[in-house]
Amino acid sequence: MTSKIISREKISNFVDSMINDFIVIATTNKNNVPTLMEISSFEEVLFDTELPMIPLKKLFHPAQQDLFKFSRTKGITEIYMLKTTKDIETKVVVFGVRPCDITGNNVLDEIFKENFRDDYYLALRDRTLIVGINCLKPCYENCFCESMNSNDPKSGYDLMFTEIAKDQYLVVPNTDGGKRIMELYPELFEDATEEHYDKYIRTLELKDNNFKKDILVEGLPSELEDKFESKAWRKYTKDCLFCGSCTFVCPTCYCYNVKDKIAIDLEHGIRLREWDSCYYPEFAKVAGGHDFRHEKERRFRYRYLHKFIDIPRRYNVEGCVGCGRCITYCPADIDVREVLEDVRGES
Amino acid sequence: MRAIMAHDKGYLAPHEAKIIKIRKLTETTKLFELKFVEEHLNPLFQNNPGQFVELSVYGIGEVPISITSPPTKRGSFELGIRNVGNVTSAMHKLKKGDIVGIRGPFGNHFPVEEYKGKDLLFVTGGLGYLPLRSAFRYALHNREDYGEIYILYGDRCPADVLFPEENEEYEKREDIEFHSTVDRDDEMCWGGNIGVVTNLFPNIAEKLDPKNTVAMICGPPIMYKFVNIELEKLGLDSDHIFLSLERKMKCGVGKCCHCGIGDKFVCLDGPVFTLRQIRTLPEALM
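Taken in order, these protein sequences are the chains called Z and F.
Here my numbering is used: position 245 in the first sequence is 245, and no number is missing along the way.
Here my numbering is used: position 179 in the second sequence is 179, and no number is missing along the way.
Simulated from the structure, these hints should not be mistaken for laboratory data.
With a straight-line cut-off of 20 Å between C-alpha atoms, the simulated SDA-like cross-links for lysine to any residue are:
1) Z:LYS166 / Z:LEU46
2) Z:LYS285 / F:LEU245
3) Z:LYS259 / F:CYS257
Given the sequences, and given the hints that come with them, work out the whole structure.
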């Protein structure tokens with residue numbers, strides 16, 4: 001059996017060993033915000049904490065990324081793309097990623113590979129190994145991953161830890177990369193027996209019972225299409241501050257803007273891309289002043305329809321993973337589940 | 001047609017191009033002829049009618065601009081640019097020999113090549129003339145491949161009229177039916193039709209064979225609303241009406257999400273859509 005057993009105690013040795021061989025990223029406490037960042041010891045890891053505020057996407061699609069240096073009169077003088085490619089000699093391991101975030105990142109993988117490959121994203125993504133930790137019950141009240149079918153990803157991770165008994169974990173490799181990590185530290189793992197495997201199956205059955213569906217996504221796209229003119233959109237538009245927080249914390253939001261930053265000599269500068277938000281007034285506005293999504297209500301509605309109609313139809317994946325971050329971090333207390341329920345309930 | 005892109009540089013890095021000619025079209029619009037600095041790229045650049053490039057004025061930014069020259073122009077290409085925003089106003093300050101950045105060509109195209117043997121109806125309003133010029137110049141270059149060719153052009157005022165000398169030539173030609181109009185003529189210098197572009201339809205209504213005609217239109221959203229009504233009145237099928245949509249576009253390849261309409265990206269799945277497609281896309285003609 002390629003799956004192995006590890007004790008809770010040894011997980012700290014496992015992470016500390018990996019720190020010697022890889023760049024290890026995990027959720028840590030930064031100014032009281034659960035944050036994904038590089039760690040130098042297992043002690044920094046918030047092991048049982050739910051979700052980092054900003055999901056995995058920031059590692060592959062940074063909030064701000066320099067693309068190239070230019071001179072106004074000569075054009076491009078230095079490409080940062082090459083630098084990134086050279087930097088990837090060292091592999092990165094992200095430790096402790098939850099199933100919903102793995103699923104969310106699978107959505108981005110799909111989007112950034114469609115038609116044209118986004119080399120910036122994929123160069124960073126391809127050097128990264130992901131070690132997941134299975135959720136056995138909903139991690140908090142805003143979680144609705146079960147509704148979005150994101151709780152049991154089949155790919156997008158290299159190792160998955162599942163707690164099959166108190167302080168005992170079954171480690172299941174999902175890729176060659178995952179197997180190779182385990183082979184690096186054989187002394188930390190025990191072979192799994194039939195008995196361990198039975199416990200694993202029972203644990204997964206328990207997990208199934210612990211999760212319930214809050215909302216039904218079956219048929220949701222066509223239903224929302226029919227509710228395009230629903231009054232409920234207006235109701236929530238009034239509450240929304242259009243701050244964009246929900247888009248920044250969302251694992252499947254990826255839109256970006258491209259900008260030039262000019263140096264004080266007014267000759268040299270850097271072109272960069274940075275996260276944008278479809279909730280911002282400039283998002284669909286073109287030169288000359290025409291705004292293709294001028295009314296706030298249309299901007300509010302667009303994001304919902306993009307998540308629940310457009311992404312599933314275009315990429316054949318759910319556009320929302322039910323992590324609940326948009327609920328947690330919304331300053332106006334807007335709950336995506338309530339919005340959908342209201343829109344659907346209206347005749 | 002494949003976009004020229006150097007993957008080792010990343011797809012958001014443009015290629016340097018030199019302005020080789022600038023021609024003033026109107027008070028606010030100039031025609032720029034461009035050539036890539038790396039000589040080997042010039043024969044590789046092949047645009048189809050209706051496609052666009054991302055134009056960089058380094059230090060200011062990057063914007064999508066449709067290609068005005070037809071595919072038959074090789075070795076260099078033309079962009080007609082109106083001074084309306086930050087990048088376009090910076091572009092208007094540049095001189096012959098100055099360097100800009102180009103990515104592309106991007107997007108699908110007007111199916112001029114695909115509808116050989118058909119009658120073609122081009123309808124354009126204002127700046128929509130510039131991308132559509134690429135399509136009708138291409139059709140005129142291969143005139144013998146098509147049946148009737150109709151061009152209807154409306155603009156705001158005589159001073160805004162684009163390529164008047166080319167229009168005059170179309171008016172004289174026996175094998176094209178060209179009609180133009182302006183919304184108003186305050187200086188009383190026009191001498192032609194006054195009114196919106198839909199006023200020109202009676203000129204062609206009798207002759208046009210709706211079953212054998214493909215319409216390609218480009219103009220502001222408001223024009224589409226009225227032109228579509230006219231075209232359907234004439235009996236054209238919504239599958240044979242092609243419209244080009246304008247949107248904000250940052251990447252050109254369906255990643256930045258600014259041009260999303262429903263499950264389509266204007267930069268990748270468009271900018272040219274059939275009227276039938278557009279009817280299924282929420283807010284496409286807003």
